[in-house]
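Trainee: With these hints in hand, go ahead and build the complete structure from the sequences.
Protein chains in written order, with UniProt numbering: chain W, 1 to 424; chain U, 1 to 424; chain S, 1 to 424.
Source of the hints: derived by calculation from the structure; they are not laboratory data. As the structure is a prediction and not an experimental result, all values here were calculated from the model. A portion of the hints provided could be inaccurate.
Which copy? The list can't say, so a pair holds if one copy fits it or any two copies do.
Under the rule of at most 25 Å between Cα atoms (straight-line distance), these lysine to aspartate or glutamate pairs were calculated in the DMTMM-like manner [said to hold, decoys possible]:
| # | residue 1 | residue 2 |
| --- | --- | --- |
| 1 | LYS404 | ASP350 |
| 2 | LYS404 | GLU175 |
| 3 | LYS404 | ASP117 |
| 4 | LYS404 | ASP205 |
| 5 | LYS404 | GLU26 |
| 6 | LYS404 | GLU129 |
| 7 | LYS404 | GLU126 |
| 8 | LYS404 | GLU125 |
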Amino acid sequence: MPGFPPLIDQHCHGVLRSGPSHAAFETYLTEADVPPPTAPPPHAGGPPPPRGVPPYDGALLTGGPPPYPGAPPTSAYPGVPAASAHSPAPGTTGPSVSYFDTQLGFALRRWCAPVLDLAPHCPPEEYLERRTELGTAEVTRRMLRASGISTFLVDTGLPGPLLTPGELAEAADGEAHEVVRLERLAERAADVARDTHTFLAELSDGVRESVRTARGFKSVVAYRIGLDFDPGPPGTSEIYSAAERWLDSRVPGGRLSDPVLLRHLLWSAVRTGLPLQLHTGFGDPDLRLDRCDPLLLTDFIRATAPYGTPLVLLHCYPYHRGAGYLAAVFPHVYADFGLSLSHTGARARDVLGELLELAPFGKLLFSTDAYGLPELYVVGARLFREAMTELTQGWTRREEWSHKDAERVTAMLANGTAARLYGL
Amino acid sequence: MPGFPPLIDQHCHGVLRSGPSHAAFETYLTEADVPPPTAPPPHAGGPPPPRGVPPYDGALLTGGPPPYPGAPPTSAYPGVPAASAHSPAPGTTGPSVSYFDTQLGFALRRWCAPVLDLAPHCPPEEYLERRTELGTAEVTRRMLRASGISTFLVDTGLPGPLLTPGELAEAADGEAHEVVRLERLAERAADVARDTHTFLAELSDGVRESVRTARGFKSVVAYRIGLDFDPGPPGTSEIYSAAERWLDSRVPGGRLSDPVLLRHLLWSAVRTGLPLQLHTGFGDPDLRLDRCDPLLLTDFIRATAPYGTPLVLLHCYPYHRGAGYLAAVFPHVYADFGLSLSHTGARARDVLGELLELAPFGKLLFSTDAYGLPELYVVGARLFREAMTELTQGWTRREEWSHKDAERVTAMLANGTAARLYGL
Amino acid sequence: MPGFPPLIDQHCHGVLRSGPSHAAFETYLTEADVPPPTAPPPHAGGPPPPRGVPPYDGALLTGGPPPYPGAPPTSAYPGVPAASAHSPAPGTTGPSVSYFDTQLGFALRRWCAPVLDLAPHCPPEEYLERRTELGTAEVTRRMLRASGISTFLVDTGLPGPLLTPGELAEAADGEAHEVVRLERLAERAADVARDTHTFLAELSDGVRESVRTARGFKSVVAYRIGLDFDPGPPGTSEIYSAAERWLDSRVPGGRLSDPVLLRHLLWSAVRTGLPLQLHTGFGDPDLRLDRCDPLLLTDFIRATAPYGTPLVLLHCYPYHRGAGYLAAVFPHVYADFGLSLSHTGARARDVLGELLELAPFGKLLFSTDAYGLPELYVVGARLFREAMTELTQGWTRREEWSHKDAERVTAMLANGTAARLYGL
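Mentor: Okay, structure coming up:
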């Protein structure tokens with residue numbers, strides 16, 4: 001990809017200090033929070049029904065001997081041979097579904113194997129062995145330098161033994177800046193606050209301090225309550241009451257999911273003028289995807305418009321066309337396509353093409369949303385470069401775009417808009 | 001398509017024993033439940049306004065002579081020449097809109113004409129004549145054997161003079177298994193039940209018996225109440241009351257649309273461990289498409305996760321990307337793409353491509369959703385084979401996928417995952 | 001594009017009588033209603049917070065010196081150097097985001113520059129200079145005649161110094177007919193009505209008169225209250241009360257957004273049998289896109305079905321697949337793709353392809369939705385011709401469609417269905 005402009009990764013996370021183990025590696029290739037269906041089926045002596053869901057008592061309805069006794073469900077069909085009772089769900093026993101068998105898994109084997117001196121698409125086992133052989137530090141260094149990313153904006157709000165932005169920059173021979181996760185800020189403040197008063201003061205200080213130290217804010221309100229929240233800023237007494245309530249009921253380390261406090265955080269960030277990144281679209285199963293449609297933010301977007309604070313919609317998939325619309329009609333709205341390219345692999349150009357429909361080209365930003373594995377920087381960067389190159393080549397070949405425009409727009413997405421937006 | 005693996009059709013219906021007539025043939029090419037707009041416009045002496053909608057009385061508002069008298073609406077514009085009063089809706093009179101003029105209609109003429117020794121894309125009339133000449137049995141035999149499908153999972157819950165699974169298997173020289181439609185089970189039980197008690201007992205017996213005789217369950221709860229139903233299992237007394245209410249008010253042959261009983265059916269099925277197929281996405285106008293977004297099932301999916309029972313989302317279009325997400329993050333969720341390919345014809349590879357974005361490859365299943373016409377097996381199978389071949393050829397040509405992976409994933413979709421899931 | 005059939009533009013608006021200025025030209029390339037982010041950030045002495053949103057009072061929460069004083073927000077961070085306080089939102093100061101840098105802007109420079117004797121993709125400045133040099137009348141004449149459009153259906157409900165349908169027809173050497181915007185009809189009636197009684201009489205007369213003078217109705221109910229309105233017709237006394245309430249509270253020139261009156265308009269139009277165009281999908285930021293999903297019209301569509309009055313869903317993007325479904329299952333539903341192609345430019349064939357999935361081919365209509373700039377006729381027409389040609393060439397090359405069918409369907413979309421529907 002000669003001549004492709006250097007990349008600013010406007011949204012990523014740290015990489016692991018060591019490991020992961022072969023078994024854990026695969027879990028970084030998915031947004032699922034549990035292993036793929038390889039375990040024996042739960043009704044073969046597996047876990048009980050979910051908490052809060054009583055064993056289903058259809059039995060009582062027959063008047064005869066209970067056809068559906070309580071757990072374990074295997075015994076539900078006394079007359080049915082065990083083999084047959086099992087066969088219904090062989091999907092949970094047979095050859096496993098592997099998270100390597102995804103577009104992300106295939107893209108990783110394609111683009112990252114050569115960075116470790118292996119053939120593209122080599123088997124996962126071979127890849128993982130070579131990874132162990134080289135060691136985490138060397139793999140990280142190789143991947144980061146092969147990614148073509150010069151600047152990293154790191155959301156430091158994820159837990160785990162991750163490289164700091166400074167360490168990341170060093171490994172990459174690049175530059176790194178912090179993006180502060182609002183909810184984490186509040187949760188940290190709650191961890192140390194003596195009372196409501198000091199909690200809220202701590203929060204204010206944290207937001208203010210972030211303006212000095214960070215390049216933007218990030219919110220995962222989508223995960224906590226969805227995006228259809230009350231769009232206006234909460235009032236002072238509301239905030240006090242909510243803070244009191246939350247602190248009283250919070251278990252140590254507990255997550256913030258109080259709507260009033262979440263809105264207080266958002267509005268505090270909006271008031272600073274720093275770009276505010278908002279998770280939208282798909283993520284792990286902790287969220288309800290249909291409540292993460294960025295269009296649900298419309299009233300919040302309208303309410304914040306007079307402040308001019310840039311709102312950067314992250315990920316967006318599968319609602320990226322709606323995100324493109326928002327970027328088109330609201331001057332302060334931008335859209336990112338990080339996770340959406342990494343996870344769609346060979347389909348990345350189709351997804352990027354859809355984002356390049358309504359959105360003004362100066363409103364779109366590259367990112368990787370990489371987390372844990374340094375491979376994810378390489379995958380995100382390569383997929384974007386390939387997708388953008390192929391899309392624009394098609395358009396210039398058909399004379400729909402000029403070559404000069406193609407170059408100019410590519411530079412905007414790669415780094416231009418991010419540089420402008422984050423003052424880099 | 002040499003070397004393409006044999007297909008397991010994981011969701012289909014029977015084919016007609018005889019016919020259909022030329023006129024009726026077309027109705028099998030659409031999800032509409034009425035003919036295309038060929039009839040004279042209703043206000044030229046057509047049907048009265050819909051039941052429950054009173055003739056519109058804007059007339060009363062003018063104080064002058066009624067501009068909008070009651071039905072028939074043709075007379076609404078006394079001062080307007082009849083020709084002009086008609087011309088507004090010539091779409092309902094002029095050359096008809098034909099359901100042959102759809103992607104499905106074009107695909108059928110392309111792929112099925114040669115099976116009847118005709119040229120691809122021959123005119124519909126020619127096709128229908130040849131069909132009559134050969135006779136239903138011969139057409140059925142030819143189509144089924146040309147389809148490349150070796151195994152059929154037949155939802156036996158649709159009415160009509162259809163071949164049984166056994167007859168289908170014989171005509172196809174293949175294998176057929178039953179999938180039990182839950183709502184039909186309840187409706188049949190209601191047809192014969194003496195009282196609430198025997199109804200519920202019959203229902204329990206039916207579910208239990210199905211585990212012995214069938215490979216899975218199917219639910220059309222999407223049609224009856226949409227997918228945003230209360231996710232948990234109903235309690236015993238709730239079920240009793242609902243059953244009593246329904247049986248009391250039911251006209252013979254009446255459909256089940258009671259939410260409590262529908263949920264009771266779903267949870268009864270989940271408890272068995274047999275794969276449960278759920279209609280999602282588009283279908284006939286009986287449903288509200290926006291209430292059939294599979295994402296509306298998220299809480300039900302969460303509630304059922306501990307059981308491990310596979311949930312297979314059918315059709316999904318145009319919400320197939322959301323279905324792919326669910327398949328990606330919930331181990332027990334699978335997605336099917338039957339109807340979505342058949343009805344999009346020349347666009348099938350684009351639709352399949354979108355499903356191949358987030359969904360792990362081991363979570364996707366081929367089907368035809370064929371119903372009535374044996375042609376629909378050929379169309380569904382050919383479109384899948386063409387689409388999958390073309391997609392993967394594009395990806396291997398660009399080196400995004402390896403050839404070996406392409407073959408492996410094709411086999412998963414064609415039959416591997418279905419074999420595993422249904423114990424075939 | 002030799003041999004491409006002449007076009008009927010089934011939905012457009014007038015073009016400007018003069019101008020626009022260079023600065024204003026760009027605003028016609030976007031659905032945004034404000035300039036792109038070029039102004040200094042509002043918190044550098046810009047506008048106050050939005051009306052109704054009090055200055056955010058997080059300050060009160062700290063107990064210390066207010067970290068977030070009232071407006072102007074620049075002073076919010078006394079300890080932070082001004083440069084840094086600014087740098088957060090450099091996006092609102094630096095090189096501007098231009099609405100020329102959009103798919104529509106690129107398509108305009110490609111297709112319209114040659115009409116003005118310039119090279120495709122010439123710089124915007126050069127284009128605008130040449131435009132001024134030639135003068136509005138000449139540019140208009142050239143564009144309209146280059147567009148390949150023979151007949152224009154003009155929604156006359158937009159304000160501004162626009163050419164009348166007659167003038168448009170003359171400049172284009174074509175034919176033009178009126179489409180009456182229902183809400184404008186009501187607003188005009190309200191402007192002159194003495195009382196509720198005369199208002200409603202005027203409204204009835206207006207609808208009746210339109211049947212004589214116009215080819216269809218148009219509604220922007222999507223903008224006013226969204227598409228999830230009560231589907232049935234309102235009763236007489238309801239209408240009277242609503243009219244009284246609205247007239248009493250209305251400021252001169254005020255828009256109609258009363259749900260009862262909006263529904264009264266829709267049902268009055270449905271009763272006439274004239275095709276009724278409904279805005280759906282994207283538009284300017286006045287609407288909430290998620291409330292403009294055409295599927296929200298499902299119950300209204302069902303309720304109006306017995307009348308047979310054609311309902312034409314306009315634009316539809318990004319919900320065009322749902323629109324295709326509605327066109328497939330409801331005989332009186334049609335879909336238009338005007339705005340959706342113009343604004344997606346090089347991606348138009350992908351968007352059109354998606355609409356050509358479920359919708360019967362006899363249910364789709366070409367339009368440009370051109371407004372203000374005569375260039376938008378050229379862009380809309382060329383993008384459709386290119387997209388349709390390329391799509392069908394791809395399908396015939398793969399033998400998925402026959403050449404004859406491709407020609408036939410192209411003619412349907414270009415003019416056949418519109419001619420039939422509007423009696424042209």
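Trainee: Each hint needs a verdict: does it hold in this structure or not?
Mentor: We went through each hint and held it up to the structure:
In the homo-oligomer, the alpha carbons of LYS404 and ASP350 lie at most 25 Å apart both inside one protomer (22 Å) and across protomers (23 Å), since each shortest distance falls under that limit. Proximity of LYS404 and GLU175 under a CA criterion of 25 Å is satisfied in neither setting, with 29 Å inside one chain copy and 40 Å between copies. When the C-alpha separation of LYS404 and ASP117 is checked against a cutoff of 25 Å, the pair qualifies only between copies, where the shortest distance is 20 Å, while the shortest distance within a copy is 36 Å. Neither within a single protomer nor between protomers do LYS404 and ASP205 lie at most 25 Å apart by alpha-carbon distance, with minima of 46 Å and 56 Å respectively.
Proximity of LYS404 to GLU26 under the C-alpha cut-off of 25 Å is restricted to the inter-copy arrangement: shortest distance 20 Å between copies versus 41 Å within a copy. Proximity of LYS404 and GLU129 under a CA criterion of 25 Å is satisfied inter-copy only: 21 Å between copies versus 45 Å inside one chain copy. Proximity of LYS404 to GLU126 under the C-alpha cut-off of 25 Å is restricted to the inter-copy arrangement: shortest distance 16 Å between copies versus 43 Å within a copy. When the C-alpha separation of LYS404 and GLU125 is checked against a cutoff of 25 Å, the pair qualifies only between copies, where the shortest distance is 16 Å, while the shortest distance within a copy is 44 Å.
The structure is inconsistent with the numbered hints 2 and 4, although it conforms to all the rest.
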